[in-house]
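Residue strings, one per chain:
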Amino acid sequence: MERRLVLEAKGLRKAFKDLVAVKDVSFHIAEGETYGLLGPNGAGKTTTINMAIGLLERDAGEVLVDGREIRTTSTDAKAAIGFVPQDIAIYPDLTARENLMFFGHLYGLTGKALAARVDEVLDTIGLRERAKDRSGEFSGGMKRRLNIGIGLLHKPRLLMLDEPTVGVDPQSRNAILESVEQLSAAGMAVLYTTHYMEEAERLCDRVGIIDEGSIRAEGTRAELVRLVGERDKVRLTASGTSAGRWRRCAPCPGWWRPPPARRPWNCWSTRPIGRWRPSWRRRRGPAFRSIPWTSTSPTSRPSSCT
Amino acid sequence: MAALLIALKDLRQRLRDRSAYLWGIVAPLGLAAIFSLLFSDLATGAALDVRFAVSDQDRGAAARAFVEEGLLPLDAQGVFAVEEVASAAEARQKATAGDVDAAFVIPEGFSAAAEGNGTSAIEVVANVDSPIAGQVASAVAGQFVGEINAVGTSLGTYFTLVGRAPEPGEAEALVPEAMAVPAPLALAETTANSKELSADTFYSAGMAILFLFLTVQFGVLGLLEERQNGTMGRLLAAPISRRAIVVGKALTSFVLGVVSMAVLVVGTTLLLGASWGNSLGVAILVLAGVIAAMGIMFVVAAVARTPEQADNVQSIIAFVLAMLGGSFFPIAQAGGFIAKLSLMTPHAWFLRGLGDLAAGGGAGAVFPAALYVALFGLVTGGLAMFRVGKVLTP
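Order-wise, the sequence lines are chains A and B. Heads up, the first sequence stops at 323 in this note's numbering, and the numbers go up one at a time, no gaps. Heads up, the second sequence stops at 401 in this note's numbering, and the numbers go up one at a time, no gaps.
Extracted from the complex, chain A is given alone in its bound form:
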């Protein structure tokens, strides 16, 4: 049975003066589906999200949430969206409960229903015991959880999480991922942006890979793998400087160093091992034969590359 579409984005385009940040981006998310928007910093993820939730006016295209068009001037249509921005967006002078109450009121919740929902969310994000403490006194992980809690408060049809795990400790990160899984299982449509492949693999039913403002590939994990063909997977760990790695790895057959002019996220040697490399990039040349990098655990290691 076909699931109902919650978000439809068609032909989104946004330019800042001469810089085209997003060009002809289209995707859709059905209820209960988690859609991952993957790409490096500056790829256009946040601009796409900002247009999708009506924070930013688009130059072209259309966004429908629950069948209603979203623009910057929309009001009622935005009630279907829960937004969790990349940076922590809470009022540090207010308590956790006051933060939730304020945003709950903005989304039309009132009275006992609001109080009950706030308690429910405080339980979900594990801040019930600290509800009366000022959020400015919270740890980074607690602030991040409150940040997500505000987005969940009004039980949105569509939850947009913009890199919610950036700068989060492993324990909190795992809690966030579990929460997203539970929300998706409960029927919420989720748009999740990240540049961590393992998060996308764990959470997302479908993935859109965005770079330089365009979606370069899209589909389920299996579809993306089929798109580029099955290749060997190498798990590699390294230590020391990048220069040292280059020197040692240069003799490896098939090893290729991308030219300096390439974007940093393509230049996998400059990124921490364990970050995701899009498999579709492998089509560009022999340099990508050994990717995607998916883990920091070594499983095989060419002797000449140690």
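In short, the hints are calculated from the structure, not lab data. Hints may be right or wrong, so weigh each one.
Said to hold, decoys possible - Label pairs and their computed distance ranges (CB to CB):
| no. | chain 1 | residue 1 | chain 2 | residue 2 | range |
| --- | --- | --- | --- | --- | --- |
| 1 | A | D35 | B | I324 | 32 to 42 Å |
| 2 | B | L385 | A | R21 | 49 to 59 Å |
| 3 | B | A346 | A | E154 | 51 to 61 Å |
| 4 | B | L385 | A | D76 | 28 to 38 Å |
| 5 | B | E315 | A | K149 | 25 to 35 Å |
| 6 | B | I324 | A | E154 | 28 to 38 Å |
| 7 | A | A32 | B | Q235 | 20 to 30 Å |
| 8 | B | S248 | A | A32 | 20 to 30 Å |
| 9 | B | K347 | A | D104 | 47 to 57 Å |
| 10 | B | V327 | A | E198 | 36 to 46 Å |
| 11 | A | A132 | B | I324 | 36 to 46 Å |
The model shown is predicted, which means the values in this text are computed figures rather than measured ones. All residues carry an ideal CB built from backbone N, CA and C; glycine is no exception.
Got chain A; can you put chain B on it based on the hints?
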């Protein structure tokens, strides 16, 4: 409704970080008290403790009249203190040493000169550190000499007209008659339409309008702080209109401004003895002042990039306008270009409106001034609305 929610949230934040108390109440009340203590005695003359010495070397009728009818009655009224010294040298020495602020030396032959026999002069010796007392002494002596000269001139004119010289003792006999003739011209003190405020009221009002600008900026700055905190994105993503965000911030400023001014009006009346005048008139002026402050501060918030930048610029603007507008001293009295420039500030009109109330005017008397004050806010606020959309970005 959303605007009200945002305003309530902002007010809660401001009260919690105590900044509103400090800038809205404590600082203006404290400064008004300090300025009043410093300057109210000067304004009423109570701070002048003037002492004169007088040496009468003449002992004639005119000399005794100067001492006994000119100086000693003012001593008795407490205007200044007078002590008679025996010699001219002692009088000069006391003035030079600072034992007295000024000394009068009446030379021998003064009374004879007053009767038309020769010329003479009262010598006024002022201490170099007491210029104001020296001017007072000169004014007192000058007034007396002027009257003597007027009588002498009238007697001389009389004898010229009758075509003979006065008989011995005739001139002295005519002096009381000449002095009894009422002067055709006199100085009359009248109440101007715009009365000058008492020092207590002036500094209370001056500090109140200065800090009103600094208090109101808290609400307006909230727009930029929402951006800096990242919460602007959440507000824009919420199902509320963008206008509600701006109105919410304006409402915060308005409430902070009105409450701050109300507390200051009551506080300075009770604690400093300020007299603000007709309550309704004061309320109208306060509302106009709040509107002016909001408009001007909104312009800064609309063009600034960060809350810190806006805070600095707003503080500078608040103090410059206060100085130009006469919050620290009545700059309009300087006259000329500065006085005209002063009228380009809402502060000057605000204080002028209070002056109208102090002159006994009712609520209607403040309408012209209140209109000018409010116009500053309406014009600048209108300009700010053209740019405020740029602030409403995540």
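Hints, verified against the model:
Checked against the hint of 32 to 42 Å, the C-beta distance between D35(A) and I324(B) comes to roughly 36 Å, which is consistent with it. Taking the beta carbon of each, L385(B) and R21(A) are about 50 Å apart, inside 49 to 59 Å as hinted. Distance hint check: the CB atoms of A346(B) and E154(A) are about 53 Å apart, consistent with the given range 51 to 61 Å. With their beta carbons about 35 Å apart, L385(B) and D76(A) fall inside the hinted range of 28 to 38 Å.
As the Cβ distance of E315(B) to K149(A) is approximately 30 Å, the hint placing it in 25 to 35 Å holds. With their beta carbons about 35 Å apart, I324(B) and E154(A) fall inside the hinted range of 28 to 38 Å. Take A32(A) and Q235(B): their Cβ atoms lie about 26 Å apart, and the range 20 to 30 Å holds. A hinted range of 20 to 30 Å for the beta carbons of S248(B) and A32(A) is consistent with their spacing of about 26 Å.
In this structure, K347(B) and D104(A) meet the distance hint of 47 to 57 Å, their C-beta atoms being roughly 50 Å apart. Checked against the hint of 36 to 46 Å, the C-beta distance between V327(B) and E198(A) comes to roughly 58 Å, which is inconsistent with it. A C-beta distance of roughly 43 Å is found between A132(A) and I324(B), which places it inside the suggested range of 36 to 46 Å.
Figure legend: structure checked against the earlier numbered hints; the only hint not met is number 10.
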